[in-house]
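Below are the chains, spelled out letter by letter.
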Amino acid sequence: DTAVSQTPKYLVTQMGNDKSIKCEQNLGHDTMYWYKQDSKKFLKIMFSYNNKELIINETVPNRFSPKSPDKAHLNLHINSLELGDSAVYFCASSQRYNEQFFGPGTRLTVL
Amino acid sequence: QKEVEQNSGPLSVPEGAIASLNCTYSDRGSQSFFWYRQYSGKSPELIMSIYSNGDKEDGRFTAQLNKASQYVSLLIRDSQPSDSATYLCAVNSLSDYKLSFGAGTTVTVRA
Numbered sequence: 183d184t185a186v187s188q189t190p191k192y193l194v195t196q197m198g199n200d201k202s203i204k205c206e207q208n209l210g211h212d213t214m215y216w217y218k219q220d221s222k223k224f225l226k227i228m229f230s231y232n233n234k235e236l237i238i239n240e241t242v243p244n245r246f247s248p249k250s251p252d253k254a255h256l257n258l259h260i261n262s263l264e265l266g267d268s269a270v271y272f273c274a275s276s277q278r279y280n281e282q283f284f285g286p287g288t289r290l291t292v293l
Numbered sequence: 670q671k672e673v674e675q676n677s678g679p680l681s682v683p684e685g686a687i688a689s690l691n692c693t694y695s696d697r698g699s700q701s702f703f704w705y706r707q708y709s710g711k712s713p714e715l716i717m718s719i720y721s722n723g724d725k726e727d728g729r730f731t732a733q734l735n736k737a738s739q740y741v742s743l744l745i746r747d748s749q750p751s752d753s754a755t756y757l758c759a760v761n762s763l764s765d766y767k768l769s770f771g772a773g774t775t776v777t778v779r780a
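Top to bottom, those sequences are chains A and B.
For the record, in the first sequence the residue sitting at position 67 is 249 according to the working numbering, with numbers rising by one throughout.
For the record, in the second sequence the residue sitting at position 18 is 687 according to the working numbering, with numbers rising by one throughout.
Be careful, since some hints might not be right.
Straight-line alpha carbon distances no greater than 27 Å define the calculated DSSO-like cross-link-like pairs of lysine-lysine that follow [what the hints assert, rightly or not]: (1) B:Lys767 - A:Lys191; (2) A:Lys253 - A:Lys191; (3) A:Lys204 - B:Lys711.
Hints in this document: simulated from the structure, not taken from any laboratory.
Work out the full structure: start from the sequences and follow the hints.
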C-alpha cells in the first residue's frame, strides 16, 4: 500500500498551459504539504493544509493554487506555466507537526 | 526565518567506515529534528527523528543533538554502498508545521 501517492509522475507541457497534480495519503494524517525541489535540489515548502484549512502559504506566484477537498487529498493547480516552474513537486503528509512523509514526486518539465 | 546549514559535500567514505554528517540551525526555539535520505531521482525518506539532547541509535544510524550548541549530527556506521545518497537535515518548532530543510550533504560510499 502506497502511503502518499501523486499523479502524474511525469508531466511535460508547453509554456502557457494549465496543469494539475494530485496527491492522496492513506495514513490518516491531518496535514498535507506541497514542496518544490529545484535543479539545485533545495527543498522548499509552498503550501500546507491542516484539516482542509490553509495554514502555510509561502511566497509563491498566485498562478499556483492548492485545493484540499478532504483531509486525504491535496491537489495543486498551476496556471500559465512558465519555464521556471520546471522542478520536482513533492506532496507530503503528517499528523499535526510531527514527522512528514513524502510522496514519490512529480517531475514537471515546461518547454 | 529558520536557517539550517549542513556541511558541504560531497562526502566520500570507504565501505565499512563511519560517515559523519553535521547540521546547525539558527532558531533556538527549534524542538524537532529530522534526518531524511534522498536517493537520486527519488523522494526524501525519513530515517531518524530526535527531540531530546543526546544520542539516538537506530541500527547503523546514530543521531546526536546538542540544543545548547544548536547542532545535530548523523553518524552512519559500517557504511555500505547502498548508503550513497543525499542526506537532508530538517528542523521545526513544536507548534510549527513548517519544516526548514538544509541544502543536503551528498554521501558516496566507495566499495
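Assess, step by step, whether the Cα of Lys253 (chain A) is no farther than 27 Å from the Cα of Lys191 (chain A), and give holds or violated. holds, 22 Å
Holds or violated: Lys204 (chain A) and Lys711 (chain B), Cα atoms, limit 27 Å. holds, 18 Å
Is it true that the CA of Lys767 (chain B) sits at most 27 Å from the CA of Lys191 (chain A)? Given that 27 Å is the threshold and the Cα spacing comes to 25 Å, the pair holds.
Against the hints set out earlier in the document, no violation occurs for any number.
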